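Residue numbers (our numbering), protein chains in the order written: chain A, 1 to 288; chain G, 1 to 259.
These aren't lab readings, by the way, just hints derived from the structure by calculation.
Worth double-checking, as some hints may not be accurate.
No more than 27 angstroms apart at the CA atoms, straight line, and that leaves these computed lysine-lysine pairs for DSSO-like [as the list claims (entries may be wrong)]:
no.	chain 1	residue 1	chain 2	residue 2
1	A	Lys45	G	Lys99
2	A	Lys43	G	Lys99
3	A	Lys79	A	Lys45
4	A	Lys43	G	Lys173
5	G	Lys175	A	Lys24
6	A	Lys4	A	Lys81
7	A	Lys43	G	Lys133
8	A	Lys4	A	Lys79
9	G	Lys173	A	Lys45
10	G	Lys133	A	Lys45
11	A	Lys79	A	Lys263
12	G	Lys175	G	Lys99
These figures come from a predicted structure and were not determined experimentally.
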Amino acid sequence: MDTKFLGFGVGLRTDHYQYVVDNKPNVDWFEVISENFMVAGGKPKYFLHAVREHYPIVMHGVSMSIASTDPLNLDYLAKLKTLAEEVQPEWVSDHLCWTGVHGVNSHDLLPVPYNEEAIAHIVSRVQQVQEILGREIVLENVSSYLTYNASEMEEWEFINTIAERAGCKILLDVNNIYVSSRNHGYSAQTFLQSIQPQYVQQFHLAGHSDYGDYVIDTHDHDVPPAVWNLYQEALQRFGLVSTLIERDDNIPPFPELYAEMQKARNIAQRTLGPYQKTRDAKLATLTN
Amino acid sequence: MQNLRHLQTELIDYLLDQSPVIEAHIAAGGSIDKRTRLNIYGNAYKSRLRGVIDTDHEILSYYLGDDLFSKLVDGYIDSHPSTYTSLRDFCCEIPMYLKITPPFRDHPVISELARFERTLLFAFDANDAPLTKMVELSSVPLDKWPNIQVRFHPSVQLFETFTNCVEVWRAIKQKATPPEAIDNDRIVWIVWRTIERITEFRSMNISEISMINAFLQGATLAEVCEELLQYHPEHEVSEVAVKYISQWIQRGQVSKIHY
Ligand SMILES: [Fe+2]
Chain A
1 MDTKFLGFGV
11 GLRTDHYQYV
21 VDNKPNVDWF
31 EVISENFMVA
41 GGKPKYFLHA
51 VREHYPIVMH
61 GVSMSIASTD
71 PLNLDYLAKL
81 KTLAEEVQPE
91 WVSDHLCWTG
101 VHGVNSHDLL
111 PVPYNEEAIA
121 HIVSRVQQVQ
131 EILGREIVLE
141 NVSSYLTYNA
151 SEMEEWEFIN
161 TIAERAGCKI
171 LLDVNNIYVS
181 SRNHGYSAQT
191 FLQSIQPQYV
201 QQFHLAGHSD
211 YGDYVIDTHD
221 HDVPPAVWNL
231 YQEALQRFGL
241 VSTLIERDDN
251 IPPFPELYAE
261 MQKARNIAQR
271 TLGPYQKTRD
281 AKLATLTN
Chain G
1 MQNLRHLQTE
11 LIDYLLDQSP
21 VIEAHIAAGG
31 SIDKRTRLNI
41 YGNAYKSRLR
51 GVIDTDHEIL
61 SYYLGDDLFS
71 KLVDGYIDSH
81 PSTYTSLRDF
91 CCEIPMYLKI
101 TPPFRDHPVI
111 SELARFERTL
121 LFAFDANDAP
131 LTKMVELSSV
141 PLDKWPNIQV
151 RFHPSVQLFE
161 TFTNCVEVWR
171 AIKQKATPPE
181 AIDNDRIVWI
191 VWRTIERITE
201 FRSMNISEIS
211 MINAFLQGAT
221 LAEVCEELLQ
231 YHPEHEVSEV
241 AVKYISQWIQ
251 RGQVSKIHY
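With the hints as constraints, model all of the structure from the sequences given.
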């Protein structure tokens, strides 16, 4: 998979289906939550196809549970594969985390210890998933609120190693980097500067809730200044990367999300100059 | 993988039962203590599931009011940890939970309201299928009419109840005061998704119910007419049958007229 630059997109949410189909906003691409469309038919499927007719789509899932020590959920993967055949997405992503064990699903993105044992386990599972789906997958760094004594390395080393050994890509959530850096007291800049550019496939931008002593990844606010600043640094390091505005709660009217997407576009143009939809040249200069 | 499995087991045990064993494996330090860190996960777990119940059972939540709804949420989350891949299925045991658990079980309308909401959800995203037009019925050759079988759209479901839960649902939906809960004679509602992808429902009379049940079990029109003799004089039977089939087609409930 190349690191194709799709431009600037918005996460497609139920509240906006009708608006998007009626108004065809000038958005380069949409990201959809895969699970929302693992239903037989009706409205969700109708709108998915109506949006797909006009836009490139990326499928983003929350149920792969790639780091779980339960067996891989083959039924889920089969459904994911069927959906991907139907939608023909640019790529398929999920999170570098686990969601449950012993058959119980927390429906949350739970953290892993950053050590060799977890790396070996995850790498073999990523390879199996890629084999099943017949494509490379993209994994997102999650926000976390605790670290384990069993961790032997920093999160960025952990992520780089998995991408390198498993041959998968990274969805860098800039907000999650910020949230985790505050919760664990490390430098978000160090995180960014340590991630290897050749693995980065996509960015997420989102908002959070700041409680002073800690920050929670609520995805229910505008992207705050600290995350915009970090985004600019990310552009400087990684060049043009497909960028997505992600909002999961307290969903505003679509034009508000569109305005945030425009802001990302403007920042990218200010930071990197006018762009074309290829980042290969930029990437080459970065990695040489 | 053994150590990883232990950690995962302990964190899940914390989420389900507040078991503190995991604490010993969490790194100390930073601006918040271990318990606060775990609490963030504990709260997120509960509030996500609460949100799902609230979304899937909006009308029930309103009907119960804050206190009883919280009682449902706490009791259900404790007794039914999710084993589902999709949150869409998390609430599927709620009608049964309400039917057997005090204090809810003393008011059958509560469980029935939940069951009705799940029926609507099912119709909302049931499989797509083509819809039959009237011309397909009228073009059936006369000698084939006795063989006609009606295939319903996959969203069509029958909802049988002995309460006035549907009236309660409708009142709350229209932001009106719900009627007092009462026990009824049996009422059967047909629930389906229209061509505009709107979920609709209406109640049926006894002859329509028997007719639809017969067709659902694969009966032919000749057999259905036989059945209708219980409710209508012989000379009216075929007219009644055609009237119902035509209405089903016009409402977008029929996928195929098979003969
Ligand atoms: Fe994200």
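- [ ] Please name the hints from earlier in the document that this structure breaks, with their numbers sorted from lowest to highest.
- [x] When the structure is compared with the hints, numbers 1, 2, 5 and 11 turn out to be violated.
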